[in-house]
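Here the protein sequences line up with chains D and V, keeping their order.
Quick note on numbering: numbering that gives the first Met the number 0 labels position 241 of the first sequence as 240, and the sequence is numbered without any gaps.
Quick note on numbering: numbering that gives the first Met the number 0 labels position 229 of the second sequence as 228, and the sequence is numbered without any gaps.
Each hint should be verified, as a subset may be incorrect.
Below, in silico cross-link-like pairs of lysine-lysine (BS3-like), each with a Cα-Cα straight-line distance of 30 Å or less [to be verified]:
hint : chain 1 : residue 1 : chain 2 : residue 2
1    : D       : 36        : D       : 116
2    : V       : 253       : D       : 212
3    : V       : 127       : D       : 89
4    : D       : 64        : V       : 10
Here's a subset of chain V near chain D, in silico, CB distances under 10 Å, partners left out [claimed, not checked]:
hint : residue
5    : 95
6    : 99
7    : 105
8    : 110
9    : 227
10   : 233
11   : 236
12   : 239
13   : 245
14   : 248
Derived DEER-like restraints, expressed as beta-carbon distance ranges [what the hints assert, rightly or not]:
hint : chain 1 : residue 1 : chain 2 : residue 2 : range
15   : D       : 19        : V       : 187       : 30 to 38 Å
16   : D       : 64        : V       : 181       : 54 to 62 Å
17   : V       : 98        : D       : 23        : 34 to 42 Å
18   : V       : 141       : D       : 90        : 29 to 37 Å
19   : V       : 98        : D       : 62        : 42 to 50 Å
20   : V       : 165       : D       : 62        : 50 to 58 Å
21   : D       : 27        : V       : 175       : 51 to 59 Å
22   : D       : 75        : V       : 93        : 16 to 24 Å
Calculated directly from the structure, the hints in this document are not laboratory data.
Built from N, CA and C at the ideal position, the CB exists for glycine as well.
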Amino acid sequence: MGGRESTLVLLDENGIRCDGRKIDEPRRIMIKAGGLKNADGSAYIEFGDNKILVGVFGPRDVHPKHMSDTDTGILRVRYHMEPFSVGERKNPAPSRREIEISKVIKEALLPAVMLEKFPRTAVDVFIEVLQADGGTRCAALSAASVALADAGIPMRDMVAACAAGKVADTVVLDVNNEEDQAGQADMPIGYMPTLEKVTLLQLDGVLTPEEFKKCVQVGVDGCKIVYDLQKKALNEKYFQNGGDQ
Amino acid sequence: MTTSVIDELKKSQILELLEQGKRIDGRAFDEPRKLTVEINAIPKANGSARVRLGDTEAVCGVKIQPDRPFPDMGDKGIFICTAELLPLSHPSVETGPPGPDVIELARVVDRGIRESHMVDVSQLVIEKNKSVVGVFADNVVVDYDGNLFDACSYAATAAVITSKMPKWEMKDDVPTLVEGEESDLPTTTIPVSITMGKIGNHIVVDPNGDEWASMDSRITITTDSDGNIVALQKGGHDGFTVDEIVKCGELSIKAGAKIRETLKQAGKGSQ
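With these hints in hand, go ahead and build the complete structure from the sequences.
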């Protein structure tokens, strides 16, 4: 982002990044469907050093009532970071950043969720970032899709998310925290692989038009990797362990 | 934003027209509305602009004052851009703390200008780690007809390129104004944001209020003077295909170049 000076070697001569990954390699990703007893659906994701828990409630009655829509259900998303999730303690009140991320994640999920089947109800998605290490919105969005599926809410597709970016003049997949701080561009992407639709897209940093195209492509390919892991997580819960816990 | 209550009739009329290759106000799909820029609208600010994009109007004032640097950025000045929707801009706007739409607006406008590195913050240091120059570009929307992202972005950009920076020196550990010494605010590039709406399968540049209320999703892309893409934000309840995104990137560079000329001309007029 800011392109801050540092002694960190972001990309060595062999094309290996600061955490030992290749340029097209995502961090270690672990997704688990379910896990919370009281939520209608839940998921836990570890995406590198990110640790994020998502709980889904609904479709249920809408409070406050005036928010309800007679034609369709509504989706509400809260993305929240714990005070202990980052280096310096974070004020627990929702920041402007968190409000914006809640909004973009909501809009990324809307094309996937078939809310029109549940008029006058709300589906609430609560995202709690327990530990943050760059790329939380992508990890959170991926986990939220799994949690919605786990809640049994009809969906057109799952949204998988992964960031692409530019580090040391090279387009790379899945920018980590160090790379985000010292790199040149970060582009989070949310994608529905079956419907071939991008539903979350942001960018900060400088890209030429060619790098821009490449970044979108690399990011979409990363989303497909995440998508397979999302399906695997649901598979593990529902088909291999003999159904519900 | 304040989506005016648009009936389903108007929505289907807009879509019907788009199917015939027409827009409701007669513009081409890739044509932004008329942009007028009035520079130095607020003489008490260090730089200002009043911008009208069609019937959307925004005023930006830039205030420049000494500030403490951020703890990890002692060798850089501060640039902050905000945006606010005033109650007089539309009957549906209420007073009170900003909602998610307005917070997103402010953050997207700020990000576009910040990520282009338009303001050269490395030149805004009075004394390293102690005192730096803060540049605050505050936007207010005074009239609403869709696409506040671009209106605020143009207002802020025009205000910043025409800003005059006072001079401060450290005296007894306090930044002290040096009278009568003013210089242009150091800038490196002119960022231009282009917002496109997707209605059905049609992509239109600079949606007006009716189109804004009818669109399924939108994308805001900011480009710099070198034709690089520096910031981007997707919004709305639908998605884009990869091809559409690439097309939007091309549209933003093409449409942005014309807007950049308008902003440049406006800036020259103030000299």
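Item to check | Non-conforming hints, listed in increasing numerical order | outcome: 5 and 19
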